[in-house]
Amino acid sequence: MKSDYSTPLDVDAIRADFPILHQEVRPGVPLVYLDNAASSQKPLAVIETISDYYSRYNANVHRGIHKLSEAATDAYESARRRIQAFINAASFREIIFTRNTTESINLVAQSWGRSNLEPGDLIVSTEMEHHSNIVPWQMLAGQTGAVLKFVPIAEGGILDLDVYHQLLEEGPKLVTFTEMSNVMGTIPPAREMIEAAHAVGAVVHVDGAQSVPHMPVDVQALDADFLSFSSHKMCGPTGVGVLYGKREILEAMPPFLGGGDMIKRVELGQSQWNDLPYKFEAGTPAIGEVIGLGAAVDYLGAIGMDKVHQHEQAVTKYALDRLSEVGGVRVLGPEDVSIKGGAVAMVLDCAHPHDVAQVLDHHGIATRAGHHCAMPLHQHCNVVASTRASFYLYNTFEEVDRLIDGLYKVKELFAR
Amino acid sequence: MDDLYREIILDHYQNPRKKGKLEPADIDYAEDNPVCGDHIHLTLQIDENDVVKAVGWEGEGCAISQASASMLYETLVSKSLDEIRTIGKDDVLEMLGIPLSPVRLKCALLSLKVLKAGAYGLTAWPGEEED
Ligand SMILES: Cc1ncc(COP(=O)(O)O)c(C=O)c1O
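Protein sequences appear in the order of chains A and B.
This note's numbering puts the first sequence at residues 332 to 747.
This note's numbering puts the second sequence at residues -16 to 114.
Hints were generated in silico from the structure; no laboratory data involved.
Ideal Cβ placement from N, Cα and C applies to all residues, glycine included.
Careful, some of the hints might be misleading.
Unchecked claim - Only pairs whose alpha carbons sit at most 30 Å apart, straight line, appear in this in silico BS3-like list of lysine-lysine:
id, chain 1, residue 1, chain 2, residue 2
1, B, 1, A, 742
2, B, 2, A, 740
3, B, 62, B, 36
4, B, 62, B, 72
To be verified - Which chain B residues stay away from chain A? Per the calculated CB distances, all over 12 Å, these:
id, residue
5, 1
6, 8
7, 10
8, 21
9, 34
10, 36
11, 37
12, 43
13, 64
14, 76
15, 104
16, 105
17, 107
Just chain A, with the same shape it has in the complex (with noise of 0.2 Å):
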């Protein structure tokens, strides 16, 4: 049967990159990790890049005349170009370090958002978004008196792109959408969406936080204005995050936070700010998770982020083919692995979220039960939670079993 789904990739070898894999979470049970989409494992690059650097070259970056600031300036910047490079951005100077996601967010909605909506002003988002996506927005409706309306989520866990034109046609200064679902791995069509925004002058801002992770990204071809994105669920450490910015775009907006670093001069009276990407990293950054972010970019794309996806596909194909087998089991969102990427949300008729989540526990599966930090969406679905299951690279179809098995054992429980 597993020989009907295929992978360009050689996961053993893989598996063999991840130290944190090859263990029991009690004697005779080992790990099988499934919960992706919160975070990822990191392989051995990354966790000797960033021991590297704290053993040899530990240094602040950008002011000292000492060798190990130079090294440690150096790693810094070429990580930002790697990275770059990753997402085929124009210039370093579109490569803005944050914390996360949510900061990169943050960052758009006070800088760019405070000082370019007025009261009336139209920001559109989707149902579909993690709170990071919808919650600066709210704030930021608050401070300005702009109003957020938000694209309903369709029959079959899609946008409704039906609305999505309509709403555009009320001439929003703002669109903002994930290009991939955390909860139901929905992937929409960016491409055509930012197009349509920019044809009534909208601005767009991407959450990237699931799709550049998981899948190819190129700004450029996606023509976004912003694009936000996590370190650490892309196989590198937390502590930091992307925003990317078209540079016409980042050039015309005011600092977010103040600060060293983020200055060209400095007297009592005022600033003159720094050049970008430094006029958006005041203090001193996350120096080792950055380098690190960098080693996880290399890993990745050495691997290619194309047979990642398809990876991806092949594993999450055969988890929902899988998964109708059992019966009893709502799966959210598309079941089309051409529009998924590889989250898998669900619920089950018999036990509630948090206890196949628990029962999954006790046989070494690692998912996540909640909300997963979309409570519209859930409420959409009319459900309160659900048990998601998230893959990456380095997941198999032996794992995907592990998954049924732990939920047959959830349903002799509980279905009696």
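Following the hints, position chain B with the ligand against chain A.
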């Protein structure tokens, strides 16, 4: 697994006791566990001596939260409000008799939180009153 989902917990989850809403009620209080979406709505009738005359509750959520409500609320009839004040976190955990991770602790204690908030306005999570 037999530890976490003991027979008695599955039994109370699948056949909850004292289900149903009392009308009128002297105490009527509902709360959610925002992390999980567990929900418990408790109604009590109290006599002139401050003793519980009747109990009814509704709710939805995971097995731990619902079994805990069923087991705890089943014991309330003919207890005085003063006696209810003395019920603590440890009493509920002992009644459940299972090991719980910090996240699941909230599921287990929602029933007691609702009882205490409804009976005398205590809003802290049981065990966190001093924080
Ligand atoms: C689609 C999406 N957007 C945003 C975020 C927020 O990411 P972070 O917590 O790293 O800021 C997540 C993380 O779960 C996500 O999946």
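Review point. Taking C-beta pairs only, is residue 104/B more than 12 Å away from all of chain A?
Key: 26 Å, holds
Check your understanding: Is the nearest Cβ of chain A still more than 12 Å from the Cβ of residue 1/B?
Key -> Non-interface label stands for residue 1/B: nearest chain A Cβ at 20 Å, farther than 12 Å.
Exercise for review: Hey, is residue 37/B genuinely clear of chain A, shortest beta carbon separation above 12 Å?
Suggested key: 28 Å, holds
**Study point:** Outside-interface status for residue 64/B - nearest CB in chain A farther than 12 Å
**Key:** 32 Å, holds
Check your understanding: Regarding the assertion that residue 76/B does not contact chain A, is the least Cβ-Cβ distance greater than 12 Å?
Key -> Label holds. Min Cβ-Cβ 17 Å, cutoff 12 Å.
Check your understanding: Looking at residue 107/B again, its CB stays over 12 Å from all of chain A?
Key -> Holds, because the least Cβ-Cβ distance between residue 107/B and chain A comes to about 23 Å, which exceeds 12 Å.
Check your understanding: Is residue 1/B within 30 Å of residue 742/A, Cα to Cα?
Key -> The given pair, whose Cα atoms are some 26 Å apart, holds under the 30 Å limit.
**Study point:** residue 62/B paired with residue 36/B [C-alpha distance capped at 30 Å]
**Key:** 8 Å, holds
Check your understanding: Are all beta-carbon distances from residue 105/B to chain A longer than 12 Å?
Key -> Since the minimum Cβ distance to chain A is about 25 Å, residue 105/B lies beyond 12 Å and the statement holds.
Check your understanding: CA of residue 62/B to CA of residue 72/B, is that 30 Å or under?
Key -> 17 Å, holds
Review point. Do the alpha carbons of residue 2/B and residue 740/A lie within 30 Å of each other, as the hint requires?
Key: 28 Å, holds
**Study point:** Least C-beta distance between residue 10/B and chain A, which was stated to exceed 12 Å
**Key:** 25 Å, holds
Checked against the numbered hints given earlier, this structure breaks hints 8, 12; the rest are met.
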